[in-house]
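Participant: Which chain is which? The protein sequence lines are A and B, in order.
Under the UniProt record's numbering, the first residue of the first sequence is numbered 1, with each subsequent residue one higher.
Under the UniProt record's numbering, the first residue of the second sequence is numbered 1, with each subsequent residue one higher.
None of these hints come from the bench; they were simulated from the model.
Check before you lean on any hint, since a few could be wrong.
[As the list claims (entries may be wrong)] List of simulated lysine-lysine pairs, DSSO-like, C-alpha gap at most 30 Å:
id	chain 1	residue 1	chain 2	residue 2
1	B	K135	A	K145
2	B	K135	A	K157
3	A	K235	A	K161
4	B	K464	A	K143
5	A	K106	A	K157
6	B	K135	A	K237
7	B	K135	A	K161
8	A	K235	B	K135
9	B	K464	A	K148
10	A	K237	A	K143
11	A	K143	A	K119
Owing to the predicted nature of the structure, the values given are computational and were not obtained by experimental measurement.
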Amino acid sequence: MTLRTALAGAAGIAIAAGLGLSAAQAATKLTVYTALENEQLAPYKKSFEADNPGIEIEWVRDSTGVVTAKLLAEKDNPRADAIWGLAASSLMILDAQGMLHPYAPKEAGALKPAFVDGKTPPAWVGMDAWMAAICFNTVEAEKRKLPKPASWADLLKPEYKGQVVMPNPASSGTGFLAVSGWLQTMGSDKGWSYMDRLNDNVAVYTHSGSKPCRMAASGEYAIGISIEYTGAQQKTKGAPIDVILAAEGAGWEMEATAIVKGTKNLDAAQKLADWAATRKANELYVNFYQVTAHPGVTKDTPNYPKNAEASMIKNNDFAWAAANRDAILAEWGKRYNAKSEPKS
Amino acid sequence: MTTAALPGGRPVRWGEAGMLAAGLVSLTLLLVVFVVLPLGAILVRSLYDRNDAFVGLANFAAFLQTPALTVSVWNSVAVSALTTTIVVPLAFAYAFAITRTAMPGKGLFKALAQIPILAPSLLPAIALVYLFGNKGVLRDLMMGHSIYGPIGIVIGEVFYTFPHAVMILTVALSTADARLYEAAEALGAGRLRRFLTITLPGARYGLISAVFVVFTLVITDFGVPKVIGGSFNVLATDVYKQVVGQQNFGMGAVVGMVLLVPAVLAFVADWIGQKRQMALLSARSVPYAPRRRPAGDGLALLFCALVAGLLLGILGMAGFASLATFWPYDLTPTLANYDFAQFDSAGWSSYWNSLRLSVWTAVVGTAVVFVGAWLIERSPAARPLAAVARMAAIVPLAVPGMVLGLAYIFFFNAPWNPLGWLYHGMAILVLSTVVHFYTVSHLTAVTALKQLDREFEAVSASLKVPVWTTFLRVTVPLCLPAILDIAIYFFVNAMTTVSAVVFLYAPATKPASVAVLNMDDAGEVAGAAAMAMMIVYTSAGVRALHAVLSWVLQRRTQAWRAR
Numbered sequence: 001m002t003l004r005t006a007l008a009g010a011a012g013i014a015i016a017a018g019l020g021l022s023a024a025q026a027a028t029k030l031t032v033y034t035a036l037e038n039e040q041l042a043p044y045k046k047s048f049e050a051d052n053p054g055i056e057i058e059w060v061r062d063s064t065g066v067v068t069a070k071l072l073a074e075k076d077n078p079r080a081d082a083i084w085g086l087a088a089s090s091l092m093i094l095d096a097q098g099m100l101h102p103y104a105p106k107e108a109g110a111l112k113p114a115f116v117d118g119k120t121p122p123a124w125v126g127m128d129a130w131m132a133a134i135c136f137n138t139v140e141a142e143k144r145k146l147p148k149p150a151s152w153a154d155l156l157k158p159e160y161k162g163q164v165v166m167p168n169p170a171s172s173g174t175g176f177l178a179v180s181g182w183l184q185t186m187g188s189d190k191g192w193s194y195m196d197r198l199n200d201n202v203a204v205y206t207h208s209g210s211k212p213c214r215m216a217a218s219g220e221y222a223i224g225i226s227i228e229y230t231g232a233q234q235k236t237k238g239a240p241i242d243v244i245l246a247a248e249g250a251g252w253e254m255e256a257t258a259i260v261k262g263t264k265n266l267d268a269a270q271k272l273a274d275w276a277a278t279r280k281a282n283e284l285y286v287n288f289y290q291v292t293a294h295p296g297v298t299k300d301t302p303n304y305p306k307n308a309e310a311s312m313i314k315n316n317d318f319a320w321a322a323a324n325r326d327a328i329l330a331e332w333g334k335r336y337n338a339k340s341e342p343k344s
Numbered sequence: 001m002t003t004a005a006l007p008g009g010r011p012v013r014w015g016e017a018g019m020l021a022a023g024l025v026s027l028t029l030l031l032v033v034f035v036v037l038p039l040g041a042i043l044v045r046s047l048y049d050r051n052d053a054f055v056g057l058a059n060f061a062a063f064l065q066t067p068a069l070t071v072s073v074w075n076s077v078a079v080s081a082l083t084t085t086i087v088v089p090l091a092f093a094y095a096f097a098i099t100r101t102a103m104p105g106k107g108l109f110k111a112l113a114q115i116p117i118l119a120p121s122l123l124p125a126i127a128l129v130y131l132f133g134n135k136g137v138l139r140d141l142m143m144g145h146s147i148y149g150p151i152g153i154v155i156g157e158v159f160y161t162f163p164h165a166v167m168i169l170t171v172a173l174s175t176a177d178a179r180l181y182e183a184a185e186a187l188g189a190g191r192l193r194r195f196l197t198i199t200l201p202g203a204r205y206g207l208i209s210a211v212f213v214v215f216t217l218v219i220t221d222f223g224v225p226k227v228i229g230g231s232f233n234v235l236a237t238d239v240y241k242q243v244v245g246q247q248n249f250g251m252g253a254v255v256g257m258v259l260l261v262p263a264v265l266a267f268v269a270d271w272i273g274q275k276r277q278m279a280l281l282s283a284r285s286v287p288y289a290p291r292r293r294p295a296g297d298g299l300a301l302l303f304c305a306l307v308a309g310l311l312l313g314i315l316g317m318a319g320f321a322s323l324a325t326f327w328p329y330d331l332t333p334t335l336a337n338y339d340f341a342q343f344d345s346a347g348w349s350s351y352w353n354s355l356r357l358s359v360w361t362a363v364v365g366t367a368v369v370f371v372g373a374w375l376i377e378r379s380p381a382a383r384p385l386a387a388v389a390r391m392a393a394i395v396p397l398a399v400p401g402m403v404l405g406l407a408y409i410f411f412f413n414a415p416w417n418p419l420g421w422l423y424h425g426m427a428i429l430v431l432s433t434v435v436h437f438y439t440v441s442h443l444t445a446v447t448a449l450k451q452l453d454r455e456f457e458a459v460s461a462s463l464k465v466p467v468w469t470t471f472l473r474v475t476v477p478l479c480l481p482a483i484l485d486i487a488i489y490f491f492v493n494a495m496t497t498v499s500a501v502v503f504l505y506a507p508a509t510k511p512a513s514v515a516v517l518n519m520d521d522a523g524e525v526a527g528a529a530a531m532a533m534m535i536v537y538t539s540a541g542v543r544a545l546h547a548v549l550s551w552v553l554q555r556r557t558q559a560w561r562a563r
């Protein structure tokens with residue numbers, strides 16, 4: 001019996017393993033890790049493959065945190081060929097671990113300098129930018145007689161008490177970019193005292209970056225500190241919200257492209273990096289984000305706040321944010337984590 | 001039960017003993033390769049910083065100095081203890097009603113109790129927000145308290161752990177020796193006394209298992225606290241922050257190790273429970289058959305209807321969510337949310353992947369778990385080896401799925417690992433899911449096996465019947481209900497599992513449960529609810545099939561239970 005069992009078990013495992021082997025491959029399959037939104041995957045893939053016959057993109061998509069963790073965990077034996085659409089700060093972590101293959105895409109010279117890694121050749125090249133924004137539910141505001149906020153400072157008003165939701169910076173990159181933006185524009189002392197007072201108005205710190213905006217969209221709370229992209233998306237779907245870019249300027253982050261060091265499909269990966277930096281690609285990005293890496297590509301994205309580029313804080317120092325991340329999160333945790341009961 | 005002889009003291013033939021020992025060795029090896037080594041690979045990370053530099057115990061020191069730590073530990077323990085205190089008595093009463101009373105509709109209620117594991121954990125979270133959130137239809141019941149915090153976590157965890165406890169306790173209560181009850185009654189023992197002196201002690205092993213399973217499930221679950229816990233910090237969300245929020249695997253491993261403590265306690269409890277549990281069903285037993293008692297049966301029916309009603313209510317709210325155009329401002333019903341291709345490029349393929357994953361998990365998992373449990377319980381050889389295997393079978397319960405997923409990457413994707421070919425295919429998903437849900441299945445199998453008298457084997461041995469013949473002809477048929485329960489448990493959990501597979505799926509193997517999470521991430525709550533409901537419909541269908549199959553089997557192989 002035991003022998004039979006062992007054999008059966010082994011056979012089971014072998015068959016199960018066989019399930020994973022796909023059919024013989026004709027085109028070069030390029031494994032691309034990404035945190036792009038679902039709705040962007042199909043048009044990006046289609047456009048790229050039309051221009052690059054013989055290469056087929058296989059997406060591995062998840063949230064920024066999961067994809068970054070997966071890439072780091074696979075460090076000793078990378079499975080991804082390229083990364084298309086991941087936060088630049090995540091790519092900087094990978095680069096610091098020596099996991100990226102530096103490459104200058106053919107048209108990278110035409111992009112805004114802030115969107116290209118400073119090294120030559122660059123380890124990563126930006127695609128578009130997203131920024132911290134305020135999602136404000138107009139229906140709830142009317143019910144509760146809340147004025148519309150226009151700035152970060154406005155969020156400290158006592159009438160917003162228990163009505164503000166923001167992402168926990170320890171769980172969410174969006175939360176961190178908001179915090180990093182405040183610390184950079186206000187300076188350390190003022191930044192922390194701002195957050196102390198904001199904390200009095202915050203009802204809940206969430207783990208997901210888009211959730212505060214979705215909570216605002218469904219009226220759970222009136223104000224969500226989140227990303228402008230989610231705001232525009234929710235508004236298009238029918239949510240009664242205004243997407244507000246704070247007057248003081250907002251912390252922002254880029255999506256970017258990179259090649260994974262050690263890829264067996266370097267040629268195809270470089271073609272992807274080339275294509276992702278073209279004007280044509282940027283014209284795809286602008287359907288979803290107002291600010292793209294290409295200076296000539298702009299468009300009024302539906303329900304998107306105006307003048308997004310103007311509200312991005314100048315000289316956003318990614319290196320500073322990366323170097324001080326642990327310290328900032330430790331301080332943040334010390335100040336606000338012990339708050340065990342959410343205020344209702 | 002200690003020496004290299006079959007229970008009953010009769011020596012076994014050398015060939016059999018050798019085979020049994022070989023079986024136990026292969027099982028132990030299997031558990032070591034798929035449980036112990038991967039976990040070792042990630043626990044070692046706790047000694048390294050994020051730049052792969054060896055830092056000794058620095059991560060532990062940093063962890064102990066985190067000011068919010070005591071808060072997290074206390075929160076975790078409080079929430080887990082409270083959930084356990086609510087769930088275990090509820091589940092015991094429920095299991096008692098469906099095993100020890102003659103109320104009508106027992107099969108239906110047994111099936112309804114499983115509703116929560118048919119649904120991805122996101123579903124109750126969405127439902128709770130729609131019910132008790134600030135715009136929820138029943139928010140007045142919260143009396144001004146917020147659902148985003150401990151209250152939401154406890155409600156969500158009660159919903160999530162209830163079926164696990166019911167499953168273990170149903171098995172524990174389903175076998176009893178009628179002679180004990182008859183004797184007690186003849187001696188004048190009242191109903192309460194019989195309950196306290198026969199029923200409870202008989203189910204003791206199941207009760208201890210249920211308490212530890214529920215406690216451990218709650219303390220390691222990050223799904224519910226992540227979605228509905230708000231700012232309420234627990235250890236499991238601390239792991240999430242370290243691993244997914246900050247990619248600090250070392251610190252994540254440190255918190256993961258803290259979470260192993262309940263599992264170690266569970267192992268000790270299991271071991272103590274083991275020693276005390278006597279076989280409930282000896283070869284001379286007369287199976288217990290509940291008699292009709294109109295008052296008691298009515299009460300049982302009312303109780304089960306109430307609990308099942310609550311479970312259905314939560315599911316119904318989620319079903320409603322999947323049909324609403326835009327909650328809560330436009331409640332026009334629509335089927336548009338079921339058109340998945342508009343939300344997710346994988347469309348329906350992820351659904352088929354999940355089906356394949358679930359079938360394989362059920363087949364492989366049930367075979368390994370049941371044969372494994374039998375080897376551990378019945379193999380006469382090498383008790384120390386059995387102890388190792390038993391420990392390895394308990395550990396997976398205490399490992400947060402996220403930690404397991406990363407552990408599998410570290411171990412199976414390592415360039416030196418000869419099993420590297422498993423990575424990136426369906427096999428790794430199947431294996432990780434089997435391991436992830438190993439413990440409850442194992443405990444169910446053990447509970448079922450413990451209730452069979454070892455004398456069955458002793459008699460067979462004295463009749464010179466090979467052990468495996470006894471296994472196939474006696475043990476398997478007697479345990480068939482439990483075996484089917486295990487298979488179904490693996491199936492439905494594989495349909496909904498997220499935390500481990502999210503790190504392990506490849507482009508061609510993305511499961512539906514991950515698609516649900518992705519859609520929710522993208523703000524497509526209704527689409528996520530719709531796909532989650534598809535998972536529920538599928539699992540419910542399989543359950544229904546199982547019910548029919550059980551009924552047929554019950555008539556064919558379990559006739560001995562009736563008089």
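Participant: Now tell me if each hint is right for this structure.
Facilitator: Hints, verified against the model:
Distance restraint check for B:K135 and A:K145: the Cα-Cα separation of roughly 17 Å lies within the 30 Å cut-off, and the hinted pair is therefore satisfied. Distance check on the hinted pair: B:K135 and A:K157 sit about 23 Å apart at the alpha-carbon level, within 30 Å; holds. For the given pair, A:K235 sits about 24 Å from A:K161 by alpha-carbon distance, which is consistent with the 30 Å threshold. Among the hinted pairs, B:K464 with A:K143 is inconsistent with the structure: their alpha-carbon atoms are about 82 Å apart, more than 30 Å.
Using a Cα cut-off of 30 Å, the hinted pair A:K106 and A:K157 is violated, with the two alpha carbons roughly 50 Å apart. Of the supplied pair hints, the one linking B:K135 and A:K237 holds, its CA atoms being roughly 19 Å apart against a limit of 30 Å. For a cut-off of 30 Å, the pair hint linking B:K135 to A:K161 stands: about 18 Å separates their Cα positions. Of the supplied pair hints, the one linking A:K235 and B:K135 holds, its CA atoms being roughly 18 Å apart against a limit of 30 Å.
Our distance criterion of 30 Å between C-alpha atoms is broken by B:K464 and A:K148, whose separation comes to about 86 Å. A C-alpha spacing of about 22 Å is found between A:K237 and A:K143, which places the hinted pair at or below 30 Å, so the restraint holds. Restraint check: the Cα-Cα separation between A:K143 and A:K119 comes to about 53 Å, which exceeds 30 Å; the hinted pair is violated.
In this structure, the hints that do not hold are numbers 4, 5, 9 and 11, in rising order.
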